[in-house]
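Using the sequences provided together with the hints, build the complete structure.
Residues per chain are reported as follows:
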Amino acid sequence: MAPRKLFLYVAGQTPKSLAAIANLERICAEHLPGQYEVEVIDLRKNPKLAREHSIVAIPTLVRELPVPLRKLIGDLSDTHKVLVNLGIGSSA
Amino acid sequence: MSKHQGISKSPTGIDGFDDLTLGGVPTGRPTLVCGSAGCGKTLFATTFLIHGARDFDEPGVFVTFEERPGDIVSNVASLGFALNKLVDDQKIAFEYIALDRSELEEAGDYDLEGLFLRLESAIDAIGAKRVVLDTIESLFSVFSNEAILRAEIRRLFDWLKDKGMTTVITAERGDGTLTRQGLEEYVSDCVILLDHRVQNQISTRRLRIVKYRGTAHGTNEYPFLIDQDGFSVLPVSTLGLNHKVFEDRISSGIPDLDNMLAGGGFHRGSSILVSGVAGSGKSSVAASFAEAACAAGERALIFSFEESADQSVRNMKSLGIDIGQWIKSDKLRFVATRPTFYSLEMHLAVLLREVTRFNPSLVVLDPVSCFTESGDRLEIQSMLLRMIDFLKGHGVTAVFTHLMHSQDGQRVETDAGLSSLMDAWILLLNREVGGEFNRELYLLKARGTAHSNQVREFIMSHEGIKLVPPYLGESGALTGSARKNEESKSRRAEVRRRADILRAQQQLEQKRRRAKAQMEALQAELDADEIELKAITDDESEYLRQAAADKVDIERSRKS
Numbered sequence: 001m002a003p004r005k006l007f008l009y010v011a012g013q014t015p016k017s018l019a020a021i022a023n024l025e026r027i028c029a030e031h032l033p034g035q036y037e038v039e040v041i042d043l044r045k046n047p048k049l050a051r052e053h054s055i056v057a058i059p060t061l062v063r064e065l066p067v068p069l070r071k072l073i074g075d076l077s078d079t080h081k082v083l084v085n086l087g088i089g090s091s092a
Numbered sequence: 001m002s003k004h005q006g007i008s009k010s011p012t013g014i015d016g017f018d019d020l021t022l023g024g025v026p027t028g029r030p031t032l033v034c035g036s037a038g039c040g041k042t043l044f045a046t047t048f049l050i051h052g053a054r055d056f057d058e059p060g061v062f063v064t065f066e067e068r069p070g071d072i073v074s075n076v077a078s079l080g081f082a083l084n085k086l087v088d089d090q091k092i093a094f095e096y097i098a099l100d101r102s103e104l105e106e107a108g109d110y111d112l113e114g115l116f117l118r119l120e121s122a123i124d125a126i127g128a129k130r131v132v133l134d135t136i137e138s139l140f141s142v143f144s145n146e147a148i149l150r151a152e153i154r155r156l157f158d159w160l161k162d163k164g165m166t167t168v169i170t171a172e173r174g175d176g177t178l179t180r181q182g183l184e185e186y187v188s189d190c191v192i193l194l195d196h197r198v199q200n201q202i203s204t205r206r207l208r209i210v211k212y213r214g215t216a217h218g219t220n221e222y223p224f225l226i227d228q229d230g231f232s233v234l235p236v237s238t239l240g241l242n243h244k245v246f247e248d249r250i251s252s253g254i255p256d257l258d259n260m261l262a263g264g265g266f267h268r269g270s271s272i273l274v275s276g277v278a279g280s281g282k283s284s285v286a287a288s289f290a291e292a293a294c295a296a297g298e299r300a301l302i303f304s305f306e307e308s309a310d311q312s313v314r315n316m317k318s319l320g321i322d323i324g325q326w327i328k329s330d331k332l333r334f335v336a337t338r339p340t341f342y343s344l345e346m347h348l349a350v351l352l353r354e355v356t357r358f359n360p361s362l363v364v365l366d367p368v369s370c371f372t373e374s375g376d377r378l379e380i381q382s383m384l385l386r387m388i389d390f391l392k393g394h395g396v397t398a399v400f401t402h403l404m405h406s407q408d409g410q411r412v413e414t415d416a417g418l419s420s421l422m423d424a425w426i427l428l429l430n431r432e433v434g435g436e437f438n439r440e441l442y443l444l445k446a447r448g449t450a451h452s453n454q455v456r457e458f459i460m461s462h463e464g465i466k467l468v469p470p471y472l473g474e475s476g477a478l479t480g481s482a483r484k485n486e487e488s489k490s491r492r493a494e495v496r497r498r499a500d501i502l503r504a505q506q507q508l509e510q511k512r513r514r515a516k517a518q519m520e521a522l523q524a525e526l527d528a529d530e531i532e533l534k535a536i537t538d539d540e541s542e543y544l545r546q547a548a549a550d551k552v553d554i555e556r557s558r559k560s
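Chains as they are written, first to last, in my numbering: chain A, 1 to 92; chain B, 1 to 560.
Calculated from the structure, these hints are not laboratory results. In this text, all values refer to a predicted model and were calculated from it rather than measured experimentally. Warning: the hint list may mix true and false statements.
[Said to hold, decoys possible] With the Cβ distance kept under 8 angstroms, some of the chain A side facing chain B (calculated, not the full set): (1) A11; (2) Q35; (3) V38; (4) I41; (5) R44; (6) K45; (7) S54; (8) V56; (9) P59; (10) D75.
Ideal Cβ placement from N, Cα and C applies to all residues, glycine included.
Take a look at the structure:
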């Protein structure tokens, strides 16, 4: 199975954004090796995307597939919640 | 911004609201508009934005959390706002913040920077000066971390203020608080409360300015209206008794009635009460006032609480008065509503708005008595008083009709103590005499004008309204067929009397001629006698002369 894409929307180099990136990378490496590919999108550089993907909170992690679409907001410090929402155990 | 100059204000373009706040909402600051569901918050905000973009060259961003932009566009389209065009022209931008709780999960610390970024790019894209947030409270149902949310909302308001955005924020009314989420804490500059109350099954919308820092403002509750013309606030207050006075007269449309007043007609700007029992012709008299105003090239406004416009046009046609033509040429406007359609306050407000917009010189309220059923006496009186004050203040002649329930004797009083407020009072009576009802008109009062004290018979026919002086005979004033009867009786008597005189004159003439003839005969006799006498006297003198001559002859012969 090809790795699925995760989008992480951040706004500049804020502590929350940096924490989210670090947390996500850690979780993917530890719990979901090879399942997901992470793309970090900086909305400060491209604000239009916030509207297109209807992002309000920062940081937001979007899992488009498998459906249903999932949005996870926050710095992803709650590992358990991240795993639950990325569908560990149910789809893997 | 210095305190001395006061704060600057941005007009909302909402009828009445800008007057009330002496200019509008505070420029560059947030204004909170709160109220319960369906009380017009979104419309207030939309109107603010549209007027800004269209009339004041201040583009705006509409941030909607609830309704879709398409819905908002079609909602206000019914009010005549072409929001679509403004969006196409880049005068207004929508930012639809669609939030779905079900697809959102929280895992750690976050902020609402995404919202800020979106708002910022929308503001920058069209160079916005105004922002609407409708309804930001929706965020509370999506994000569960209230501490973050509150901090972010406070930051958002501060951020908007820093950017100099004149912002309108809508919020739902809470139990015992102005807003459900206590947003009034964050907005300290201007708070407006919209209210929607139902009393006696009649709803009234009201607006109150709870707080407006740094400026004077009206503190009362003001009724406001949402109808096909949008959102209008109606500052209704008593103006006092300092209205202008007019010397010129206006016609009632009934020449006979005008003639009853010394100077011909009623004073402009006076309030005229037309009262009478059912079917006495009140509405017709009132409509005739309106038609006279239109015929004089002025504008008239009729508020009818019983008849529709078409019905009135038809009815007046039967009197030979065509008010339809004036409606067509926009000289006459007809506003027909049921008294129970609005509350008293609302009726007043609607009247004021229509008068302000149409700018008529004459207003008819037909009838005012219908209000007595929809409120208490004091309220009605106060409403009418304010109505009269308002109309007088604008130099508008007001004609009120009033349905009386009885016309017994001297007890012609009006329910709401109207009479003392009125400058002129036309009383219409409908009296039964000899098996028929006849209409009568009486000018009970006309301030500042000498007027006839007579009761006139009031006749409506296809030739219009006529006032006929009643027959004043030994048996009092008579009307209707009694009058006609009495009139023909006196006409007959007159003919007979004339004939009598003529006969007497002829008799005298004959007598005179006879006498003259006799006199001539006697004269002739006398003349004859005189001739006789003269002959005798002549003979006598001849005899005497002869005798004298003879005597002389005799004496002469004796001597010789």
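Point to revise | Interface hint outcome for A11 of chain A [beta carbon to chain B under 8 angstroms] | key: holds, 4 angstroms
Practice item. Answer holds if the nearest beta-carbon of chain B is closer than 8 angstroms to that of V38 of chain A; otherwise answer violated. Key: Interface hint status for V38 of chain A: violated (15 angstroms vs cutoff 8 angstroms).
Point to revise | Hint check, Q35 of chain A versus chain B [nearest Cβ-Cβ separation less than 8 angstroms] | key: Since chain B brings no Cβ nearer than about 18 angstroms to Q35 of chain A, farther than 8 angstroms, the hint is violated.
Point to revise | Restraint outcome when S54 of chain A is required to lie within 8 angstroms of chain B by C-beta distance | key: holds, 5 angstroms
Review point. Does the interface hint hold: is K45 of chain A within less than 8 angstroms of chain B, judged Cβ to Cβ?
Key: violated, 10 angstroms
**Study point:** Given hint I41 of chain A near chain B, where the shortest CB pair must fall under 8 angstroms
**Key:** violated, 11 angstroms
Practice item. Grab the minimum C-beta distance from P59 of chain A to chain B and call the hint holds if it beats 8 angstroms, violated otherwise. Key: holds, 6 angstroms
Check your understanding: Per the CB criterion, is V56 of chain A less than 8 angstroms away from chain B?
Key -> holds, 5 angstroms
Check your understanding: Close enough to count: is the Cβ of R44 of chain A nearer than 8 angstroms to one in chain B?
Key -> holds, 7 angstroms
**Study point:** Hint status (Cβ of D75 of chain A to nearest Cβ of chain B, threshold 8 angstroms)
**Key:** For D75 of chain A, the interface hint holds, since the closest Cβ of chain B sits about 4 angstroms away, which is under 8 angstroms.
In the structure shown, a violation is registered for the earlier hints numbered 2, 3, 4, 6, in ascending order.
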